[in-house]
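Asker: Letter by letter, the chains look like this.
There are 2 protein chains.
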Amino acid sequence: MALRARALYDFRSENPGEISLREHEVLSLCSEQDIEGWLEGVNSRGDRGLFPASYVQVIRAPEPGPPADGGPGVPARYANVPPGGFEPLPAAPPAAFQPLLQPQASPGSFQPSGTSFSYGGGALQPSPQQLYGGYQASQGSDDDWDDEWDDSSTVADEPGALGSGAYPDLDGSSSAGGGMAGRYRLSTRSDLSLGSRGASAPPQQHQGSGAKSSATVSRNLNRFSTFVKSGGEAFVLGEASGFVKDGDKLCVVLGPYGPEWQENPYPFQCTIDDPTKQTKFKGMKSYISYKLVPTHTQVPVHRRYKHFDWLYARLAEKFPVISVPHLPEKQATGRFEEDFISKRRKGLIWWMNHMASHPVLAQCDVFQHFLTCPSSTDEKAWKQGKRKAEKDEMVGANFFLTLSTPPAAALDLQEVESKIDGFKSFTKKMDDSALQLNHTANEFARKQVTGFKKEYQKVGQSFRGLSQAFELDQQAFSVGLNQAIAFTGDAYDAIGELFAEQPRQDLDPVMDLLALYQGHLANFPDIIHVQKGALTKVKESRRHVEEGKMEVQKADGIQDRCNTISFATLAEIHHFHQIRVRDFKSQMQHFLQQQIIFFQKVTQKLEEALHKYDSV
Amino acid sequence: MALRARALYDFRSENPGEISLREHEVLSLCSEQDIEGWLEGVNSRGDRGLFPASYVQVIRAPEPGPPADGGPGVPARYANVPPGGFEPLPAAPPAAFQPLLQPQASPGSFQPSGTSFSYGGGALQPSPQQLYGGYQASQGSDDDWDDEWDDSSTVADEPGALGSGAYPDLDGSSSAGGGMAGRYRLSTRSDLSLGSRGASAPPQQHQGSGAKSSATVSRNLNRFSTFVKSGGEAFVLGEASGFVKDGDKLCVVLGPYGPEWQENPYPFQCTIDDPTKQTKFKGMKSYISYKLVPTHTQVPVHRRYKHFDWLYARLAEKFPVISVPHLPEKQATGRFEEDFISKRRKGLIWWMNHMASHPVLAQCDVFQHFLTCPSSTDEKAWKQGKRKAEKDEMVGANFFLTLSTPPAAALDLQEVESKIDGFKSFTKKMDDSALQLNHTANEFARKQVTGFKKEYQKVGQSFRGLSQAFELDQQAFSVGLNQAIAFTGDAYDAIGELFAEQPRQDLDPVMDLLALYQGHLANFPDIIHVQKGALTKVKESRRHVEEGKMEVQKADGIQDRCNTISFATLAEIHHFHQIRVRDFKSQMQHFLQQQIIFFQKVTQKLEEALHKYDSV
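Taken in order, these protein sequences are the chains called A and B.
The C-terminal position of the first sequence is numbered 616 in the UniProt record's numbering, with every residue numbered one higher than the one before it.
The C-terminal position of the second sequence is numbered 616 in the UniProt record's numbering, with every residue numbered one higher than the one before it.
Since the hints were made in silico from the structure, they are not lab data.
Some hints here could point you the wrong way.
Keeping only pairs whose Cα atoms sit at most 30 Å apart, straight-line, the calculated DSSO-like set for lysine-lysine is [what the hints assert, rightly or not]: (1) Lys245/A with Lys383/A; (2) Lys585/B with Lys454/A; (3) Lys612/B with Lys346/B; (4) Lys532/A with Lys391/A; (5) Lys601/A with Lys454/B; (6) Lys612/B with Lys346/A; (7) Lys612/A with Lys424/B; (8) Lys554/B with Lys454/A; (9) Lys454/A with Lys601/B; (10) Lys419/B with Lys280/B; (11) Lys585/A with Lys454/B; (12) Lys280/A with Lys291/A; (13) Lys601/B with Lys419/B; (14) Lys424/B with Lys429/A; (15) Lys454/A with Lys429/B; (16) Lys532/B with Lys419/B; (17) Lys424/A with Lys280/A.
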């Protein structure tokens, strides 16, 4: 008997390879095993494709009555089945996102991502901790700070809790660690694909009213779209409310290139140093503590990775249209190995650099609390700030209330749409090329550490061999040459070593930068989705006005609020371009400078060797 | 029935893996198939090993009487078989040489040399042309100058004439030709082993009296040893005679490091340029002509490769203890390809350089005739000189008569022996390390032409890909970066090309030098053999004097003539060390200089790229 499942909610396919579902519809499944939260099956209209596993319930008992051969009559048969399904839902898989930047995702080629590029979750994508009780449970309780959830190691210790492989290899991607040669693995495309995007999440309690199959006018059918979850829809429809002090307003201003975030009047930077292994509970638990020194306070604070992770979750929840930089990848094993600590520290420095240079993120309360509160000496103040952040009401829909934007006249809707579409194409192409460059850099590094080093050292060895043969002739006129050739051999050995050490200096930083930007690129589909959702609402409301179903005033309100979102989105896009040009310029310069220094060192070695022949 | 063979002559094993044979002895063969002129079998004493195929005759008919189980009685049974065997000998395999510098040659591991290192034959080793009628037939006839035997192409066209694979791949070693990538083949040890040494040749008419199994006292049993063939034995035994004018004397003098050749009072050099394709017989025949300009005449002469080859044959015949540099390798196909012509020209320049810097070779008549006679304008003079050289009587044994040496008191026999043995070890070790370096250089060149180039160009391509993605953003502050990254991509492309072109500049000359020296190293075993043969004769004659079988005067004569050979050998060894130090010093300097220039070029490319970011 073919496996079957019943749709619990409507699902609208948004990408090639997906199929739409109607609530109560019965589908035949190709397999009960989901792939990253997606199932493959055939719907009642005979379309075959992927849909979120959490949107359906597998039918375990033999189906009574005629086989579900589809057709419009079938859903009615199950109309009396209550929404929510027959069985309790399994532990929630990750939230719903379209694999917008994954052109390779198609039925049949849809593979588990292996070692996925695992910089935390997307800006609006709940992290595994949130989904599996890590964060959500801890929000109200400070006791949990002492849990070992720095690296989701508790989850890693209990693989069963991860569900059906939604994040099959989240923590394994850098487990190679150790020696240099092991570091530059042969990478595959899936290694570097944009964030590990799971399938759609089922409705969650705090996301408001339960899903209804017959959505009200002006509401998305898909209750789990980013537009809805981010609060974008609620805001556009005028449902958000909250009091914002003028001083807390976030300003979008008009710059020479269009809307941009108002600059941070108090710019600062923050160093991250001294990763130190700490223990507590008489050595039962260990963790790494980093010393942070922000330039605007000059007071060091000490933070663990879990503090960064907590902060990241607050920011991702609070800012719907801001690309919160992803944290460096998590890792279950080898957390205390020197290589990993050094790599993570570099990742955190990049992260901090991007945080501090974002006008909105840099100034927000929870980040300032993180940067300035001396948790180790004033536990109480720390906990207060922490609780305040977790209870912050100006998140999601309400965040948009805090925005102060230029007059609407500054926006041309068509121009906005074209700019957003252009940026969408840009992110796709940049992601592809970043992926390619990362792959090439990784391969190039691997070759230098292994092949190049070996080749130069073989040359060195052969020269030394020749000099050893020549040493059998100890006549005076031969000795100088023998020594010079031996020296040349040593020089080539040293050049081999230089090749092997070089990637740390030039290619590694390039790859670090690419990783950070791949995180940003993974954030933007959601940001764009929110803006596009708002724009759709504007068009819808205009139609309603034309049809006399809506008051002009209400539609204008929708338009105004959509403009607010557009201003913010364009400001964020502008900020992205600004830091991109800044970062890639400085990174390319650094790369070339390091390469130049390297080749100069090689030249110097050769010149030293050449001079040995002067006296022969 | 086991294959058997009968020994036609005595053969004394001189190297591990060989076995001795007695005339008429019956051996069992492991295979009828010879390997480079050697057969493997078990002799009558039960020793298993290699012996020259031409020293035995395979027994085709069933052996009458008891099976040849060896034992001292067996040889007597065939005592009435006449020397010369039952069947006519096959076309002569190459002359006999012990694989003295081939430590890998042992029973079981004895493999055909594949693409052997094919710089002509050894100084005393008849070239394939000599053996297969090429030269010997042409010596008396000037008509043959027009034959296409430049590259032994007639032999190559008739592989059957080559016999049983004695030179299985003589002309195939550089047939790859063409593109750069094809040039640096994966080489194996056998590619580069010292000259292709065949097994012993059977007696030839011009080598004097037929072989007798019962040698006379003071004569070597082995009529085909280098010592005998070179004329060394005849000279030592006082059998050489000829009139030498004082002006034709070749002087060995005592220098600070011992005996050395008297310097050439009229040193010169000779350029080799303008390789030009010439045709004759209305375009039916083509050849390459080189322009030679010796510095002492400044008159250009034109020579073909076959002229060089003819000259080489004359020199190798004339000078028993001088290492005549080998000519660049022969090649049957692709003779008119630019790459090959350029390579051959470089090889001829090296050859000419070594000829001109050898005090004896540089001054000898036939070489001077070759350098100065304008064959194209004065055909008659050219033919006269050619005939004179071919009829030169002062070759082989008589050559030693032309030597003028310091007083015998300058030589300590023990010291001579120790010096010669030391040099023997030296050549072995130098050959091993030259082989290794050649292999490494070949591999390194191949890697640069393929792998290194590819890696740098992949980096270039990825940078260009990134700049293409970035070009989707055409805001003013982005354009400069896009262009700079594109330029960087091009720079890495160019660096890839530099890597691919580099081996021509530095590694190829190193390999050319090694090839030349591997030729010299292949000559020395024979030179040493002649000296050692002479020394043995001295010891033998002293024993005879003690036993009253020889007059003291005769023994003294032997000693004197042996001293002459020793002086010449030591002078030649000294010359080898001198040019070795000179050549390797200048080649190592050239190599390092080229490498430095290369890395400076790379650095410059990178600096150009770096400057593009200044204005971003």
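Asker: Where does the structure disagree with the numbered hints, that is, which hint numbers, in rising order?
Answerer: 3, 8, 10, 13, 14, 17
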